[in-house]
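There are 2 protein chains.
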Amino acid sequence: MRQTIIDQFKGIQNGICRALEECDGQAKFEEDLWRHHSGGGGITRIIQNGEVFEKGGVNFSHVEGDLPPVIATHLGVQGVRYFATGVSIVIHSSNPFVPTIHMNIRYFEVESGQSWFGGGIDLTPMYVNEEDARFFHRELKAVCDRHNPAWYDDFKHQADDYFFIPHRNETRGIGGIFYDHLKPGEKGTFEEIFQFTTEVGKSFAPVYTAIVNRNRHLPYGEHEKNWQLMRRGRYVEFNLVYDRGTKFGLETSGRIESILMSLPSMVAWNYNYCPKENSPEAKTLELLRKGVDWVG
Amino acid sequence: MRQTIIDQFKGIQNGICRALEECDGQAKFEEDLWRHHSGGGGITRIIQNGEVFEKGGVNFSHVEGDLPPVIATHLGVQGVRYFATGVSIVIHSSNPFVPTIHMNIRYFEVESGQSWFGGGIDLTPMYVNEEDARFFHRELKAVCDRHNPAWYDDFKHQADDYFFIPHRNETRGIGGIFYDHLKPGEKGTFEEIFQFTTEVGKSFAPVYTAIVNRNRHLPYGEHEKNWQLMRRGRYVEFNLVYDRGTKFGLETSGRIESILMSLPSMVAWNYNYCPKENSPEAKTLELLRKGVDWVG
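Protein chains in written order, with this note's numbering: chain X, 1 to 296; chain R, 1 to 296.
Please note: incorrect hints may appear among the correct ones.
As the list makes no split between identical chains, a pair holds if one copy fits it or if it spans any two.
[As the list claims (entries may be wrong)] When the alpha-carbon atoms are kept at most 27 Å apart in a straight line, the in silico DSS-like pairs for lysine-lysine are as follows:
#, residue 1, residue 2
1, Lys202, Lys283
2, Lys276, Lys141
3, Lys28, Lys276
4, Lys290, Lys183
5, Lys225, Lys202
6, Lys247, Lys290
7, Lys183, Lys283
8, Lys276, Lys10
9, Lys225, Lys247
10, Lys10, Lys290
Please keep in mind that the hints were generated in silico from the structure rather than gathered at the bench.
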């Protein structure tokens, strides 16, 4: 079963890389293969300085090892031996009107036999375009609805809660879906949950490239660029201070460059920047909160 | 006694701001006064876009409140009511040959009557200049030696251990001195430790401006600038992932803009950047490790 999941996840990585290269039209992914010190390894693919994509990574990894005790306790699992595989994506674009996006699908197994899937896709626009936001959430809802009519609501709330920056009292972006510890049981068989996770992965490219293509040619100036660089600062704050995946990678001594590929190439922190009232920037900030209904 | 410490610390803030403005010759500090939700407040002073200093903060604060239980446990203190006051400085310069510097002096008191001082100064050059590094460490040693001949070695090792980025296996810079939980006892009376902490604060301006003035006119190009932006990335990684002061500020809901003034204005993350062998960048990396003897 591990190999089936690995093969499926690798296929998803390949499909997404092809679609993003085609969308960009200029840059190609470069690949780094690496091995993890405790077992397994990964395929890191990075796209840089493209027509649209400034820096992005589409990474596959499968890692085996011993969980640091603090993480085992946190997960509430017995035994420390684990196997994890997943695809992780973060894409930052040059144009401030093209949102940053993140996707992750993952499978986790510990020696006691417990195993689960997790995943999700969330969007981080520098300027929230409400039409795009509705499109994005409706597409994700459609993926969920094909499997369980309760999942979109559930996973949308989880994304709101997860992609939140407490010290800023802001969500990282407009959310999306996020799920973790999704185990076979009432909600579906192992096969069904695996199938759902696969579909989340496969929905990434068509949904994101549609949003990219709507915005990639919008003109912008220095003002919008500066705002983008500051918003990227928030992205860095979230990833380094709160993101569990990043923490897990750093604590299990993963391949640092593959973990931190999520950080944008250029970032700014301006002291105490406050957008003007009623500006597009202020309007965006108003929408970076939990509980916004994008599908109603 | 609290008021005496507060007055002394405010005086140190004033002296440092004057010295840095004089050194820069162009930019002036701007001041924000703020109150903390649970008691006390601060004086944040920011210098930006100067002749030398690109972004820096010299902050005073005195805060009272209830410790989050997890921090109280971590500190091993009884009672959760605390009083803390300190001066915190981070200065980032435009010229990649002018090191970033950090200083902090602080006094901490909990309701059970326990109290201690902490502090230190550490230097983060983008290019390690060995002569500057020796000057810097010898000046700090001189401050320590006037109080206790064992302190420089002790506090230098603590700085090496503290300003370390495990996931990069690099020190943040060339260290300096760092001490915490320095309580009245064998090592000195309350008055002596307070006096030492004051002298650390007062040594900041002459030591740093000497280093600034040696390097501020060195020419540099795009290559050195890019390296600086990437090294700043490491600074951000340290501060957001490991720095206890930053964590304490975020967890006690301090004034975010004053805490995160430590982050540079422009930062870069380049995927998997490796300096050329024997380059100045590679030589610097070789010196970013624990245990380098700069005073021998």
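Going down the list of hints, with the structure as the test:
Taking identical chains as interchangeable, the C-alpha atoms of Lys202 and Lys283 are never at most 27 Å apart, the minima being 32 Å within one chain and 45 Å between chains. Neither within a single protomer nor between protomers do Lys276 and Lys141 lie at most 27 Å apart by alpha-carbon distance, with minima of 34 Å and 49 Å respectively. Taking the shortest Cα distances, Lys28 and Lys276 sit within 27 Å of each other only across copies (24 Å), while inside one copy they are farther apart (39 Å). Proximity of Lys290 and Lys183 under a CA criterion of 27 Å is satisfied intra-copy only: 26 Å inside one chain copy versus 45 Å between copies.
Proximity of Lys225 and Lys202 under a CA criterion of 27 Å is satisfied in neither setting, with 31 Å inside one chain copy and 40 Å between copies. Proximity of Lys247 to Lys290 under the C-alpha cut-off of 27 Å is found in both arrangements, the shortest distances being 23 Å within a copy and 24 Å between copies. In this assembly of identical chains, Lys183 and Lys283 lie within 27 Å of each other by CA distance neither inside one copy nor across copies; the values are 39 Å within and 50 Å between. With identical chains, the CA atoms of Lys276 and Lys10 are never at most 27 Å apart, being 46 Å at best within one copy and 33 Å at best between copies.
For the identical chains of this complex, Lys225 and Lys247 are neighbours neither inside a copy (29 Å) nor across copies (29 Å), given an alpha-carbon limit of 27 Å. Taking the shortest alpha-carbon separations for Lys10 and Lys290, neither the intra-copy value of 33 Å nor the inter-copy value of 40 Å comes in at or below 27 Å.
Hint compliance for this structure: hints 1, 2, 5, 7, 8, 9 and 10 are broken, all remaining hints hold.
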